[in-house]
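Protein chains in written order, with the numbering used here: chain A, -10 to 308; chain B, 304 to 569.
Think of the hints as simulated: they come from the structure by calculation, not from any bench.
Treat the hints with caution; some may be incorrect.
Stated by the list, open to error - DSS-like mimics (lysine-lysine), calculated; alpha carbons at most 30 Å apart, straight line: (1) LYS567(B) with LYS188(A); (2) LYS307(A) with LYS331(B); (3) LYS360(B) with LYS567(B); (4) LYS540(B) with LYS393(B); (5) LYS562(B) with LYS295(A); (6) LYS363(B) with LYS331(B); (7) LYS363(B) with LYS295(A); (8) LYS287(A) with LYS357(B); (9) LYS174(A) with LYS505(B); (10) LYS269(A) with LYS243(A); (11) LYS287(A) with LYS217(A); (12) LYS243(A) with LYS217(A); (13) LYS463(B) with LYS174(A); (14) LYS567(B) with LYS306(A); (15) LYS561(B) with LYS306(A); (16) LYS562(B) with LYS287(A); (17) LYS324(B) with LYS357(B); (18) LYS463(B) with LYS393(B); (19) LYS295(A) with LYS525(B); (20) LYS562(B) with LYS357(B); (21) LYS360(B) with LYS496(B); (22) LYS496(B) with LYS393(B); (23) LYS324(B) with LYS414(B); (24) LYS505(B) with LYS540(B); (25) LYS145(A) with LYS393(B); (26) LYS145(A) with LYS463(B); (27) LYS278(A) with LYS324(B).
The structure presented is a predicted model; accordingly, all values stated were derived computationally and were not measured.
Each chain, letter by letter, is given below.
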Amino acid sequence: MANNILVVGELEGGAPSPTTLELLGGAQGLAAGGAVSVMLLGAGASGAAAQAAGAAKAFVSDDAAYDTFNGEQWLTAAQSAVEQSGANVVLVAQSVVGREVGPRLASRLNTAVAMDCVSVADAGGTLQFTRPCYGGNALATYTIATSPAIATVRAKSFEPASGGGAGEVVQLAGAGASRVAVLGKEKAEATGLQIQDAKVVVSGGRGLGAPEGFQQIEALASAIGSDKAAVGASRAAVDLGCSPPSQQVGLTGKVVTPDLYIAVAISGASQHMAGCSGSKVIVAVNRDKDANIFSFAKYGIVGDWKAVVPALIEEFKKV
Amino acid sequence: MHIVVCAKQIPDPETPPSAFKIDAATNKVIPAAGISPVLSQFDGIAAEAALRLKEAKGGKVTVISLGAESAQAAIKQVLAMGADEGVLLKDAAFDDGDSYTTARTLAEAIKKLGDVDAVFCGRQAADWDMGQVGLLIAEELGWPAAIIAKGVEATDTGLKIQRVLADGFETVEAPLPAVVTVSNEFGEPRYPKLPQIMAAAKKTVTAWGAGDLGLDPGSVGKAGARLQLQKLFIPEKSGRVELIEGDTPQEQASNLIKKLQADKLI
Ligand SMILES: Cc1cc2nc3c(=O)[nH]c(=O)nc-3n(C[C@H](O)[C@H](O)[C@H](O)COP(=O)(O)OP(=O)(O)OC[C@H]3O[C@@H](n4cnc5c(N)ncnc54)[C@H](O)[C@@H]3O)c2cc1C
Ligand SMILES: Nc1ncnc2c1ncn2[C@@H]1O[C@H](COP(=O)(O)O)[C@@H](O)[C@H]1O
């Protein structure tokens, strides 16, 4: 069945964000002859439409008031874009935007949203939305009979779109009223490489015991290379004060998908794995050979981190 | 200020993965032997946020749960923390619903209470991890909402909420009535003391069914659901870990690096 798909896009530095391009890639694959459109809001949106690969049509507003996400303003715009595009499928990132626009758009359009999907697949003309649940212990596949079917989608679930940008640009209204006022934003002190962007993530867990142990994790990351490796943590390590909450990996932390994820003294609870099981290769260092982390890891070292990590630091320095 | 806390009872999310089982025929989780269901973590935190607001500004807190008779335990836990009243929404017609029917039912109960100024939910229920019931309640009631809060304070006209973003925090202001969903960054919920637990045990919990809420049984639970669960399953794990050999940690480290180099990872 042909699907008319609307991607609720997001701008990053005046261009469609990487996740927007992934959603467009997913939409290309699912359209089956239907039309793919994108919504882009904020300063530079009209210009960015040309970079929205895979979209035939773009619904845009250049109103800079959209630059700060405000749920009610975005919701009105999204509703208008759905109506004008005739979409029967809406894809949004599982981001600050998607977490709010997904459910509220579903409610306003008397339909449903599947949150945090890792796969949207066409099974004989019916779309199947698959998402992790039970803290990452299980996956659930849903169908949605009402239209449009809405999904928020986790980053890196689709390959980015290829091809030209949107040929046709339709203007949406500027930002309207919102009952919620955004008063201000405070950036977390982010120094250097972000864990979502790093090729290698070295994470430490409760087994490190104290912040002093955690310094070894930082030393290991710098031995691998500060341009490549970033430091993550389990929630237990964050709770111990070893690492700021911004570095937490997992269900309620960040989802990371590096090429290499090195988990040191982390047991591998499902809620932690929910944030890193998409890594290409997981290496685990744990003194308990039965730790759950070893059922996700490709390589494992069974041993005390106090001996293993200094050896790893030394050997990585030689590379 | 009258605050409603929506609290769900769920299978203990800290159940070891080895004890986590699914019945493929019914697409349901099989309760792990000897592990009692718990109050969803974030809902305990939402209750803490509500109670602190009550302590600062006066008023009352009502806890509502939609669930089976056993969900009384979740309600009693929030009562022991200091909530004033409890309501259990229990009816066979509510069974096997989705986020929409849950929100619709909770919203009707909130309307029936009548004088509610704010609804506090968890950021997500730690069973299905959906994270949408709070917003759906807001839409059903026509109220503004702020999600994933790490701080909530009352102002003269409404609420000031600090929200968690991917790269920091944001402060927003919403007029009352409003819905807030609360995240773990808010802090730990209080631990009830024995006298409070005993007092809560004696409190009567109001029970409402579909009829009490004026809901057509055909519009709630499985009959009204918009999300159709087709399959619930445990994903396959890579399973085969290669343990790195070596007589010394140095040798193990060097052997691991050789493997990673062969895989072109470093
Ligand atoms: C709703 C909910 C959401 C959650 N969200 C998250 C989340 O986002 N992220 C997250 O990480 N957790 C989350 N959790 C918590 C999660 O369930 C686990 O409790 C947590 O991940 C455990 O962290 P850990 O592995 O560091 O600690 P533990 O489970 O205590 O594991 C410590 C490990 O260190 C090993 N160890 C100890 N000493 C040594 C040594 N000397 N050398 C080598 N190994 C050693 C031990 O063998 C053990 O395996 C959540 C929980 C819930 C209920
Ligand atoms: N059955 C329920 N009873 C009471 N509150 C619920 C129920 N289901 C969800 N909620 C509330 O809605 C929040 C989000 O749930 P969800 O959208 O299912 O992840 C939870 O943290 C609760 O505060």
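query: Going back to the hint list, which numbers does this structure go against?
result: Of the numbered hints, 2, 3, 4, 6, 7, 8, 9, 17, 18, 19, 20, 23, 24, 25 and 26 do not hold.
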